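K.L.:
Knowing the structure of chain A, use the given hints to seat chain B on it.
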Amino acid sequence: MSLQVTIYITVGLSFALYIGLAFWSRAKSTSDFYVAGGNVSPLMNGMATAAGWMSAASFISMAGMISVMGYGGSVFLMGWTGGYVLLAMLLAPYLRKFGKFTVPQFIRDRFYSKGAAAVAVVCLLVASLTYIVGQMTGVGVAFSRFLGVSTDVGIYIGMGVVFAYAVLGGMKGITYTQVAQYCVLIMAYIIPAIFISLQLTGNPIPQLGLGSKMIGTDVALLTRVNEVVTDLGFKMYTTNIAGSKLNMVLFTLSLMIGTAGLPHVIVRFFTVPSVKAARRSAGYTLIFIALLYTTAPAIAAMAKYNLHTTVNPGIEKNIDIFAEESSIVGSKRPDWMKRWEATGLLNWEDKNDDGRIQYYNDETTDPEVLKSAEDAGWEGNELTVNADIMVLANPEIAMLPNWVIALVAAGGLAAALSTAAGLLMAISSAISHDLLKGILIPNLSDKRELLLGKIAMACSIVFAGWLGLNPPGFAAGTVALAFGIAASTLFPALMMGIFSKRVNKEGAIAGMLAGLIITLFYVFAHKGIFFIKGTQYTDLIGGPNSFFGISPEAFGAVGAAINFAVAYIVSIFTKSPPAHIQELVESVRIPRGAQDIKSSHE
Amino acid sequence: MSKKETKDKTYWYETLKLLGIILGVWFVISFGVSIVFVDTLNKINLGGYPLGFWFAQQGSIYIYVLLIFIYIYFIGKLDKKYDVHEK
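Those sequence lines, one after another, are chains A and B.
Just so we're aligned: 195 in our numbering is position 195 of the first sequence, and the numbers increase by one with no gaps anywhere.
Just so we're aligned: 3 in our numbering is position 3 of the second sequence, and the numbers increase by one with no gaps anywhere.
So here's chain A without its partners, still in its complex pose:
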């Protein structure tokens, strides 16, 4: 069977499974639609949360980023897992006890204010919409690369599939498809990793393989990778960091707080039947996420080594890597390189016309490397590699069978679709439940609200698809913004709502606005006002990263600190929340009395 046919069959089967599940789990009430009826088991919810959480960025891009950044890539590994400790202990059980449908509804009730809810809805929409742009483009890219259709057609197919289960089933349909998608994506991630770990180290467990010796030698894999990359002028793999350690700390912290504050993650904990189940479910979620996140660094280092040895077989033979015969002859390069060149993710330009490929860091400051390269007649790096290749082409680089390649295709699509669906759910419930029912049409009946919820979902899908078809040209910068906003607005407001009885309406609104504005101000300074090219104003704030050398991606933690401080100070100077709110806080803090999730707006 040819590779293309295998991919079609695998992806087709996975889609049939998702749509089948959607028909089986149609939503009949608003409770089904918003919180899957509120009786999802902690284990199932753990899988669904993990799938909804791990996006195209986690599945396709993260290992590649670690591969390029080496040790510096740890910010993603810790940032995107450590947040679950915060979520499990500070938010999930208490918000579940509160027992309503959405995140803005907690803000609205706890801060007894439609204004606070409106600010929360705005923050939620901005964070979720910026996040979804990346998912839709991810869907399009995955389709076009694996199925040979155009990116646009890919997005239409993706929209159609999400439409089928998200509109029909709401949260209920999304939950069961996400469980299936988790199984597909985790197999797709781990199976190739087991193969390459076996090939390189003889150890089938990638997490152990990364710390093992290269097969048939006495040298540790990581030591060997360090040797190879430094010989070629790249930075030491295990110690390389970008920026300062302070920036690394704040970047990690921003991702952690942002993770805990992302509404599409939080709402998943409204679908379990009790406070105890919410706690356990957060634990399961992190186990399921950790399976992928502890495998990623192994893929990163191993795929990096494999790529270097493919281009420079001299590495494996342990001969001088600058010798002429070490570099691969261009016309004899493997088929997968040609295939990925067609997508633009890989590019070879024979600068010195020797017919061979030289892949090294020509901007290195290491004089020895520069001299060796010059003596060997190398005239610059000839291979440009998009980091996504490390996962996408990983099975091909390691010469694994076709079905593994097809599985990676299905896994990438599962990751992008499951996250897109979760985000769409958060967006449409904010519109139908918080905006329409909560603020504009309070006496909406359950049946009409369900209908409006489905319409909001359909509109959100079309809008997200449109964003994917016409990416605003800032897709790369948007994830930073989504995490920055979740970290600087929603997380502090939710946390103070539970842990402080003193923070009041005025404080919460002022805090969220302060966090939002300062974060937008700093991000826009670097990336342009609303990401419009040419409107950057870094000069105004004293140059790029002027605030203690902190990059805009790492600024969410600062925004959160400002939110906490402003909310607290404003609250002290205004009057305490009314007695019934203080009672509400006290009741939220205690597990007993947790009830089924209700829709009622008081």
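Hints were generated in silico from the structure; no laboratory data involved.
Treat the numbers as computed from the prediction; the structure is a model and nothing was measured.
Just to be clear, a hint being listed does not mean it is correct.
[Unchecked claim] Derived DSS-like pairs (lysine-lysine); straight-line CA-CA distance at most 27 Å:
(1) A:501 with B:4
(2) A:501 with B:81
(3) B:80 with A:276
(4) A:114 with A:447
(5) A:501 with B:9
(6) B:43 with A:245
(7) A:332 with A:317
P.N.:
Chain B in isolation, oriented as in the chain A frame:
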């Protein structure tokens, strides 16, 4: 103050203490061990891993999972002790 209110107050106080301890470990592992003091730890090897690098890319994640389950165990005991668990 009624007996129930005092009891709920001590429950909350003990919960905060538990959260404080666990978040303390979380903080030290994430930012101390894995970032600030990583170079010192890298001088030690764990199999083929430099220890600091292992914490940053593997160990921290295992510890996060462990921390959540430790939290679940102890908060469950607290719930029962103060009779606020779900029935």
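K.L.:
Run every hint past the structure and note whether it holds.
P.N.:
Hint by hint, here is what the structure shows:
1. This hinted pair checks out: residue 501 of chain A and residue 4 of chain B have alpha carbons roughly 18 Å apart, not beyond 27 Å.
2. About 24 Å separates the Cα atoms of residue 501 of chain A and residue 81 of chain B, which keeps this hinted pair within 27 Å; it holds.
3. The hinted pair formed by residue 80 of chain B and residue 276 of chain A meets the criterion: a straight-line CA distance of about 12 Å does not exceed 27 Å.
4. For the hint linking residue 114 of chain A to residue 447 of chain A, the alpha-carbon distance of about 23 Å falls within 27 Å, and the restraint holds.
5. Between residue 501 of chain A and residue 9 of chain B the alpha-carbon distance is near 13 Å, which keeps this suggested pair within the 27 Å criterion.
6. Taking the CA atoms of residue 43 of chain B and residue 245 of chain A, the gap is about 18 Å. The hint holds against a cut of 27 Å.
7. Among the hinted pairs, residue 332 of chain A with residue 317 of chain A is consistent with the structure: their alpha-carbon atoms are about 18 Å apart, no more than 27 Å.
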